[in-house]
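From first to last, the protein sequence lines are chains G and X.
Using the working numbering, the first residue of the first sequence is number 1, and each one after it goes up by one.
Using the working numbering, the first residue of the second sequence is number 1001, and each one after it goes up by one.
Heads up, some of the hints might be wrong.
In silico DSSO-like pairs for lysine-lysine, Cα to Cα no more than 30 angstroms straight-line [stated by the list, open to error]: (1) X:1314 with G:110; (2) X:1243 with G:233; (3) X:1161 with G:266; (4) G:266 with X:1149; (5) X:1079 with X:1225; (6) X:1305 with G:98; (7) X:1316 with G:110; (8) G:110 with G:60; (9) G:110 with X:1149; (10) X:1296 with G:266; (11) X:1305 with G:34; (12) G:169 with G:49; (13) G:197 with X:1296; (14) X:1210 with X:1058; (15) X:1305 with G:38; (16) X:1296 with G:233; (17) X:1079 with X:1058; (18) X:1243 with G:60; (19) X:1316 with G:98; (20) G:60 with X:1305; (21) X:1305 with G:49; (22) G:266 with X:1226; (23) G:60 with G:38; (24) G:110 with X:1243; (25) X:1305 with G:110; (26) G:266 with X:1225.
Covered, in the sense of this in silico footprint (three residues per stretch, anywhere, with C-beta under 8 angstroms from a C-beta of chain X), are these stretches of chain G [stated by the list, open to error]: (27) 197-204; (28) 216-230.
Example chain X residues on the side facing chain G (calculated, C-beta under 8 angstroms, incomplete) [as the list claims (entries may be wrong)]: (29) 1098; (30) 1155; (31) 1260; (32) 1272.
Bear in mind the hints are in silico, worked out from the structure with no lab data behind them.
As the structure is a computational prediction, the values presented were derived from the model and not from experiment.
Just so it is clear, CB atoms sit at the ideal spot from N, CA and C, and this is done for glycine as well.
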Amino acid sequence: MKKNNIITNFSVLLILLMPLMGWTQSEWMVSDTKQKEKNPVAFSDASVKDGKVQFMANCKSCHGDPGKDNGLPLVPKPTDLTLQAFLDLNTDGSIYHKMTDGQITMPSYKAILSDQQRWSIVNFLRSMDKNHKVAESVAASKPQKEAPKEEVAIAEAPYYLSLSVDAAKNEATTVFQGTLNGEKTAIEGAEIFIGIKRYFNNLPVMDAGATTNSQGIIKTSYPGDLLSGEDGKAELIAYVIDTETYGEITAHQEITLSPAHPNHFKDTRALWADRSHFPWWLMITYLSIVLIVWSVMAKVVINMLKIKSLGK
Amino acid sequence: MSDKKSKNNSRREFLKIGSLFGVGVAAAGAAAYSGFASQDGHGTSGETILSESEQKIKVLTEDGTLAEIKASELTPIKKDEYTDALQSQGREGIAGKHWAMVIDLSRCRNVRACMASCQNAHHLRDEQHHINVLRMQDDRNTEPYFMPKPCFHCDNPPCTKVCPVDATFKRQDGIVLIDNERCIGCRFCIAACPYSARVFNWFEPKDAEKDEELLYNVELNVPQKKGTVSKCLFSADRLREGKLPYCVSACPNGVYYFGDLNEDAVTNGTSGETVRFSELIRQNAGYTLMPELGTKPNVYYLPPKNRMFPFEFKGKTTLDDEHHG
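Full structure from sequences and hints, please.
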């Protein structure tokens, strides 16, 4: 009887687990109508850029850097979404709906990203797709972007990152260089974060997804009217985002921004609850009244004593 | 055996206190000192036992580094003095800061992770809230929404002005705190607060027995004390360490931004993204609650527009029944 129980329990468990095992092994299918959905956000540089920003903020933590296949070691493993196989297999609609609905370990991003942002991520992934047909203007600019990538591979360590500031124009110039045959060479197409140090995190000032030009330079303006403590001093920080290729390279530069007004909260924080906040004029008035009343009473008592002694 | 146990206990206390006040002020008195000295002496057999004055003692400094100090240079300090130091740093606040929070109502979906982490950090009973997620509906024709409501740490706080014993006060960094060692439980401040941000410890607080040994930290308000008032502290203890408040970092949906107005920057607790405070408020029509009162709150709301999910509470998508039924 007991043995029978165990067998039934086990088989029930097996039946319950079967769909789960099936899911992990088989492909994640999206219904036909959803697959056929067209991307309403036009494929443009702006959209790709926005998609990249969203991808870096929301997808990278599990799916890894695009093209590097270095996602988290989960089961099932998060796919590198820029693999040609993935991009060929999935339509725009199916990528969008996988993002929207989620499944098992892939959470739903319906509440986290807006429609536009999710479609922009699709656009960003398509920008990595070799078989993707795009509008001519974008396509024309694409090969130009890809060519310098070969150069990046050539320049080697040590890398140099320098940061200089034009205080009058509120402009920062970042130069990123590597070494080639013992000489300093500009590195093109490297993504560099440039920001102003704040208490919890750095405030980015560069355009999202900005990369170095052929001289290895990124020019950015920073907001000179940004408040920054009582003296207006702040620190500009630049670092190379792709730490896997280049290692951790940072540069710092002191800048002066607008000073903030000092706070005076403590001056008025309590009414008269302690002596230091008690108004002096009230203190003097109160004490003088007390003094006058007591001295009058003392005077009366003394006079009474005098009268008594006179009467003797 | 019991001797060894007491040694361990005294060391634990030593480290606990040392971690609070660094090399100069550390140590739980002579007991801890002798505990350390004898342990080191016997622990390494074969080595010469150093004289007591030359032995070094390991101390955890305030910033978390392990340091060594000569036993003879150690100046023990009484427990009262740690409390005093905690009190004075708690009253002073962090110079040059002006903390503010931004709550994006369009992202809140009533997960209540903020409330849980807050209650956990401040040892609050289930019915006590430093931050509470409310269900709101402005009009019968408008969509209801969820609204987290902490203390607003007003720049012109009505609560601190009515306190007869200076137990609640505003610091230089804008945070309004309560010192429950001064609080006499009159609850004037609860009456004065227009936002109902304060709670009263009517009963023995949660974990009262466990917390008996703890030093009172005015920036954490732990241990809570029966018969005193408690409220949101903007996690003043976390800010001192450069971390975001408990509720802000617990939120899974990116509802909260927190930062320093003197730096004009706020950081999202979920994504870690830092944005300009003034731009965020201007572009999204940020507002404060009941501005007509002149309290100048430091908690800003972004309106529940472009909502990313429909309002749903216990299967209902409206509050109509509760309001009109």
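Evaluated hints:
Using a Cα cut-off of 30 angstroms, the hinted pair residue 1314 (chain X) and residue 110 (chain G) holds, with the two alpha carbons roughly 20 angstroms apart. The suggested pairing of residue 1243 (chain X) with residue 233 (chain G) holds, with an alpha-carbon distance near 22 angstroms, which does not exceed 30 angstroms. Restraint check: the Cα-Cα separation between residue 1161 (chain X) and residue 266 (chain G) comes to about 12 angstroms, which is no more than 30 angstroms; the hinted pair holds. In summary, the hint linking residue 266 (chain G) to residue 1149 (chain X) is supported, as the alpha carbons are separated by about 25 angstroms, within the 30 angstroms threshold.
For the given pair, residue 1079 (chain X) sits about 19 angstroms from residue 1225 (chain X) by alpha-carbon distance, which is consistent with the 30 angstroms threshold. For a cut-off of 30 angstroms, the pair hint linking residue 1305 (chain X) to residue 98 (chain G) stands: about 25 angstroms separates their Cα positions. Between residue 1316 (chain X) and residue 110 (chain G) the CA atoms are separated by roughly 20 angstroms; this keeps the pair inside 30 angstroms, and the hint holds. The hinted pair formed by residue 110 (chain G) and residue 60 (chain G) meets the criterion: a straight-line CA distance of about 17 angstroms does not exceed 30 angstroms.
Distance hint between residue 110 (chain G) and residue 1149 (chain X) is fulfilled; the C-alpha atoms sit about 25 angstroms from each other, no more than 30 angstroms. With a C-alpha separation of about 15 angstroms, the suggested pairing of residue 1296 (chain X) with residue 266 (chain G) holds against the 30 angstroms cut-off. Restraint check: the Cα-Cα separation between residue 1305 (chain X) and residue 34 (chain G) comes to about 27 angstroms, which is no more than 30 angstroms; the hinted pair holds. At roughly 26 angstroms between alpha-carbon atoms, residue 169 (chain G) and residue 49 (chain G) fall within 30 angstroms of each other, so this suggested pair holds.
A C-alpha spacing of about 27 angstroms is found between residue 197 (chain G) and residue 1296 (chain X), which places the hinted pair at or below 30 angstroms, so the restraint holds. Straight-line distance between C-alpha atoms of residue 1210 (chain X) and residue 1058 (chain X) comes to about 27 angstroms, which keeps the hinted pair within the 30 angstroms bound. For the proposed pair residue 1305 (chain X) and residue 38 (chain G), the alpha carbon gap of about 26 angstroms is at most 30 angstroms, so the pair holds. Proposed proximity of residue 1296 (chain X) and residue 233 (chain G) is supported: the alpha carbons are some 27 angstroms apart, at most 30 angstroms.
Distance restraint check for residue 1079 (chain X) and residue 1058 (chain X): the Cα-Cα separation of roughly 19 angstroms lies within the 30 angstroms cut-off, and the hinted pair is therefore satisfied. In summary, the hint linking residue 1243 (chain X) to residue 60 (chain G) is supported, as the alpha carbons are separated by about 23 angstroms, within the 30 angstroms threshold. Between residue 1316 (chain X) and residue 98 (chain G) the alpha-carbon distance is near 27 angstroms, which keeps this suggested pair within the 30 angstroms criterion. Proximity of residue 60 (chain G) to residue 1305 (chain X) is assessed by CA-CA distance (about 28 angstroms); at most 30 angstroms being required, the pair is judged to hold.
Distance hint between residue 1305 (chain X) and residue 49 (chain G) is fulfilled; the C-alpha atoms sit about 25 angstroms from each other, no more than 30 angstroms. For the hint linking residue 266 (chain G) to residue 1226 (chain X), the alpha-carbon distance of about 28 angstroms falls within 30 angstroms, and the restraint holds. In summary, the hint linking residue 60 (chain G) to residue 38 (chain G) is supported, as the alpha carbons are separated by about 25 angstroms, within the 30 angstroms threshold. Distance check on the hinted pair: residue 110 (chain G) and residue 1243 (chain X) sit about 29 angstroms apart at the alpha-carbon level, within 30 angstroms; holds.
Annotation: proposed proximity of residue 1305 (chain X) to residue 110 (chain G) holds, straight-line Cα distance about 16 angstroms (limit 30 angstroms). Proposed proximity of residue 266 (chain G) and residue 1225 (chain X) is supported: the alpha carbons are some 26 angstroms apart, at most 30 angstroms. Figure legend: the region 197-204 of chain G, annotated as covered by chain X; annotation consistent (7 residues with Cβ-Cβ distances under 8 angstroms, at least 3 required). Proximity of the region 216-230 of chain G to chain X, defined as three or more residues with a beta carbon under 8 angstroms from a beta carbon of that chain, is established by the 6 residues found.
Look at residue 1098 (chain X): its Cβ gets to within about 6 angstroms of chain G, closer than 8 angstroms, so that hint holds up. Contact between residue 1155 (chain X) and chain G, as hinted, is supported at the beta carbon level, the nearest pair being about 7 angstroms apart and thus within 8 angstroms. Taking 8 angstroms as the C-beta contact cut-off toward chain G, the hint placing residue 1260 (chain X) at the interface holds, the least distance being around 5 angstroms. Annotation: interface hint on residue 1272 (chain X) holds; nearest CB of chain G at approximately 6 angstroms, less than 8 angstroms.
In summary, this structure violates none of the numbered hints.
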